[in-house]
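Residue numbers (the working numbering), protein chains in the order written: chain A, 1 to 114; chain B, 1 to 109.
Heads up, some of the hints might be wrong.
What the hints assert, rightly or not - With a cut-off of at most 16 angstroms between alpha-carbon atoms, the simulated EDC-like pairs for lysine to aspartate or glutamate come out as follows: (1) Lys96(B) with Asp54(A); (2) Lys96(B) with Glu59(A); (3) Lys68(B) with Asp52(B); (4) Lys81(B) with Glu14(B); (5) Lys68(B) with Asp5(B); (6) Lys57(B) with Glu77(B); (7) Lys96(B) with Glu95(A); (8) Lys76(B) with Glu14(B); (9) Lys76(B) with Glu55(B).
Please keep in mind that the hints were generated in silico from the structure rather than gathered at the bench.
Computed from a prediction, not measured in an experiment: that's the story for all the values here.
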Amino acid sequence: DAEITQSPRHKITETGRQVTLACHQTWNHNNMFWYRQDLGHGLRLIHYSYGVHDTNKGEVSDGYSVSRSNTEDLPLTLESAASSQTSVYFCASSESGQGKNTQYFGPGTRLTVL
Amino acid sequence: GQNIDQPTEMTATEGAIVQINCTYQTSGFNGLFWYQQHAGEAPTFLSYNVLDGLEEKGRFSSFLSRSKGYSYLLLKELQMKDSASYLCALYSSASKIIFGSGTRLSIRP
Numbered sequence: 001d002a003e004i005t006q007s008p009r010h011k012i013t014e015t016g017r018q019v020t021l022a023c024h025q026t027w028n029h030n031n032m033f034w035y036r037q038d039l040g041h042g043l044r045l046i047h048y049s050y051g052v053h054d055t056n057k058g059e060v061s062d063g064y065s066v067s068r069s070n071t072e073d074l075p076l077t078l079e080s081a082a083s084s085q086t087s088v089y090f091c092a093s094s095e096s097g098q099g100k101n102t103q104y105f106g107p108g109t110r111l112t113v114l
Numbered sequence: 001g002q003n004i005d006q007p008t009e010m011t012a013t014e015g016a017i018v019q020i021n022c023t024y025q026t027s028g029f030n031g032l033f034w035y036q037q038h039a040g041e042a043p044t045f046l047s048y049n050v051l052d053g054l055e056e057k058g059r060f061s062s063f064l065s066r067s068k069g070y071s072y073l074l075l076k077e078l079q080m081k082d083s084a085s086y087l088c089a090l091y092s093s094a095s096k097i098i099f100g101s102g103t104r105l106s107i108r109p
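Generate the whole structure from the sequences, applying the supplied hints.
Quick look at the structure:
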């Protein structure tokens, strides 16, 4: 069955380290998204991509980067991890086209920055 | 800009009916989603409304009034497994979804 996966599921790192969170989907969806979820803020969009080699900044993109070298993967990199980036990170994907805008979420990665 | 308001918490009784309201302000409306999220899990899609009116899907129904900037999610015959957060979300332009902070629903026996 097609799915969307994230790895690792849990990560503890130290301030200043570079961290990469993986997201892989097998639905062949063009659109992929990264969110963070914190108490009191709901889901906030970090970066998104509409296809290979396309990336765009969301509302909370500072300190994060993404790259899209193929349809299936959108890794999220924290260049220099900060304690404020402790959060749960969700990846999502959707088809493109009229009426095909439902996003399907991966299981999430819980990141702790010490 | 866009703004979404929904209650932070609600409590209901098993077997009863509960209505979770969502009001929104947006410069351009393209659709409204409801997602369910159990604690520690990913959000899962429940419903999507584009036109005014009620859409029913089993025990869950979603209502939309575009002129009033208002939606609600109606859950009937509540079960303990319905204890979760319910996220109201706007479909903005260019395939993006803007999420509200969610309503945490607790079901008591």
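Each hint tested on the structure:
no., hint, in the structure
1, Lys96(B) with Asp54(A), "holds (15 angstroms)"
2, Lys96(B) with Glu59(A), "holds (11 angstroms)"
3, Lys68(B) with Asp52(B), "holds (10 angstroms)"
4, Lys81(B) with Glu14(B), "holds (10 angstroms)"
5, Lys68(B) with Asp5(B), "holds (13 angstroms)"
6, Lys57(B) with Glu77(B), "holds (13 angstroms)"
7, Lys96(B) with Glu95(A), "holds (12 angstroms)"
8, Lys76(B) with Glu14(B), "holds (10 angstroms)"
9, Lys76(B) with Glu55(B), "holds (14 angstroms)"
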